[in-house]
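J.: Sequence:
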Amino acid sequence: MGLIIGGVLAVALVGGGIALATGGDDDGGKDGGSSSEGVQAKTLGKVAMPKVGKEANTMGTWVTDKNFVKGEVNKIVGYSLDGAKSQWEIPLGGQICWASPHVTKEGLTAVLFRDGKGEDALCTKVGLVDLKKGKLVWQKEGSDSEGNAGVQFDEVTIGGGTVAAGGTSGGGAWSLEGKPLWTPKYIADCDDDGYAGGGDKLVALYGCDTSTSVTETKQEIQTLDPTTRAVKSTYKLDEKVEEAHVLSTAPLVVAVDTGDSEGGSGVTDILTIDDSGKQGRLLSKIDVVAAGYKPSCTVAGVEGCKEFALDKKNSTIYLSSEVDVDDGGPGERITGLDLKTGKKTGKTKMAESRSLMPVQTEEDGSLLAYLGSQYSEAGGVVRIDPKSFSMETLHKHPDDMKEAESGMDIYGDCTMIYAGKKLYIGDDKASRPSSNDTAHRPLAVVFGPA
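Under numbering that gives the first Met the number 0, the residues of the sequence shown are numbered 0 to 449, in order.
What the hints contain is simulated information worked out from the structure, not anything from laboratory work.
Some clues are possibly wrong.
Listed next, the in silico DSS-like pairs over lysine-lysine satisfying Cα-Cα at most 27 Å (straight line) [stated by the list, open to error]:
#1 LYS74 to LYS84
#2 LYS312 to LYS284
#3 LYS184 to LYS131
#4 LYS339 to LYS200
#5 LYS74 to LYS231
#6 LYS50 to LYS339
#7 LYS116 to LYS50
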């Protein structure tokens with residue numbers, strides 16, 4: 000199951016279909032061509048934006064074989080696959096603080112939520128959610144090394160049969176049965192800042208303060224035994240690294256910020272690490288700033304980065320970048336890069352005036368991307384060939400949704416999933432509408448073939 004959005008690329012309308020503008024090739028590599036017209040889609044279902052006094056966290060967007068599931072204010076709701084009808088609801092005691100994107104084969108995922116609905120409520124509740132049954136299997140609170148309950152966490156993940164939560168107070172973990180596996184420990188000012196999961200792996204960001212300044216730390220990426228926390232592999236990050244984020248655990252791909260990231264992206268370099276031995280080995284390093292690539296990571300999150308897509312089978316990452324041209328720029332393109340070498344595998348033609356956001360890759364390696372709306376036309380979904388980088392339009396969204404789509408793109412913090420020929424868009428935040436947002440922006444929307 001995929002997620003992740005981002006980037007801005009542009010297209011021109013040609014004969015009722017969508018085609019990339021043929022901007023110049025300024026940096027070598029394979030360039031993609033034009034796209035087909037695609038199928039006219041319709042709005043299958045919408046989740047209304049909740050009325051909130053101030054911004055509320057609604058993180059959590061998942062799709063199972065039976066339901067579209069959305070995190071909402073103080074609850075998780077399961078909808079029919081077209082998003083038109085709610086079928087079950089899981090009430091939570093407070094706002095969602097974090098929701099793992101990872102789902103086990105059994106349909107289990109993990110969430111972190113507040114211990115109450117008041118403004119002073121804290122992010123202490125860790126829950127295991129069964130997305131297939133619409134059930135909160137258990138909820139737990141972490142205890143520190145002195146036995147004090149109610150430890151605050153920043154995020155949660157699931158991997159290798161373990162639910163792990165981490166943050167500035169350290170990390171704790173539980174088995175899927177709810178058994179505590181380890182608790183936050185403070186040894187020489189070192190502890191787990193957070194975890195990344197997925198499949199059978201669990202990776203920790205381990206940090207040690209080196210002075211009285213909390214900004215001066217030594218950090219390691221540790222691949223763990225998910226049941227014991229025994230360290231299987233360690234990769235020491237450069238001392239210049241201020242923040243680190245795990246994009247993938249298998250292969251191990253880490254985004255880092257050495258302090259000079261641009262545009263609030265939180266990323267300066269992307270590292271691919273071989274963690275098959277006790278000492279991790281750097282395979283490649285992609286300079287994000289120099290190339291103008293645009294992944295986006297929150298400062299506090301070890302996971303949760305957006306605006307990229309991974310083809311793990313073919314060891315490729317897809318990133319958007321801005322391109323300035325003489326004849327009508329600026330514009331954007333998507334570039335593929337080999338994770339083992341850091342070299343480009345190809346790129347789309349430059350296009351202008353619209354967003355092009357990597358969403359996920361298919362089994363054959365094709366990239367699915369979201370083509371954003373513009374003033375004259377709604378958005379759509381395109382498929383990019385991984386060899387030729389040509390673009391094919393899968394479906395176009397109805398024009399009566401172009402303003403709402405634009406609002407989600409501009410004002411929202413959205414997660415996207417493409418499944419069953421449907422595009423699911425879920426906003427991670429519920430907010431009051433702004434004076435410029437007049438299109439009744441939904442919390443979530445589902446587009447699919449008419």
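J.: Under the criterion that the straight-line Cα-Cα distance not exceed 27 Å, is the pair LYS74, LYS231 satisfied?
T.: 37 Å, violated
J.: Is LYS312 within 27 Å of LYS284, Cα to Cα?
T.: 19 Å, holds
J.: For the pair supplied as a hint, LYS184 and LYS131, confirm whether the alpha-carbon distance does not exceed 27 Å.
T.: 35 Å, violated
J.: Given the hint that LYS116 pairs with LYS50, test it: the Cα-Cα distance must not exceed 27 Å.
T.: 15 Å, holds
J.: Please work out if LYS339 and LYS200 have their alpha carbons no farther apart than 27 Å.
T.: 20 Å, holds
J.: Holds or violated: LYS74 and LYS84, Cα atoms, limit 27 Å.
T.: Roughly 16 Å between the alpha carbons, so the hint for LYS74 and LYS84 holds.
J.: Would the hint linking LYS50 and LYS339 be met if the CA-CA limit is 27 Å?
T.: 47 Å, violated
Of the numbered hints given earlier, the model fails hints 3, 5, 6; all others are met.
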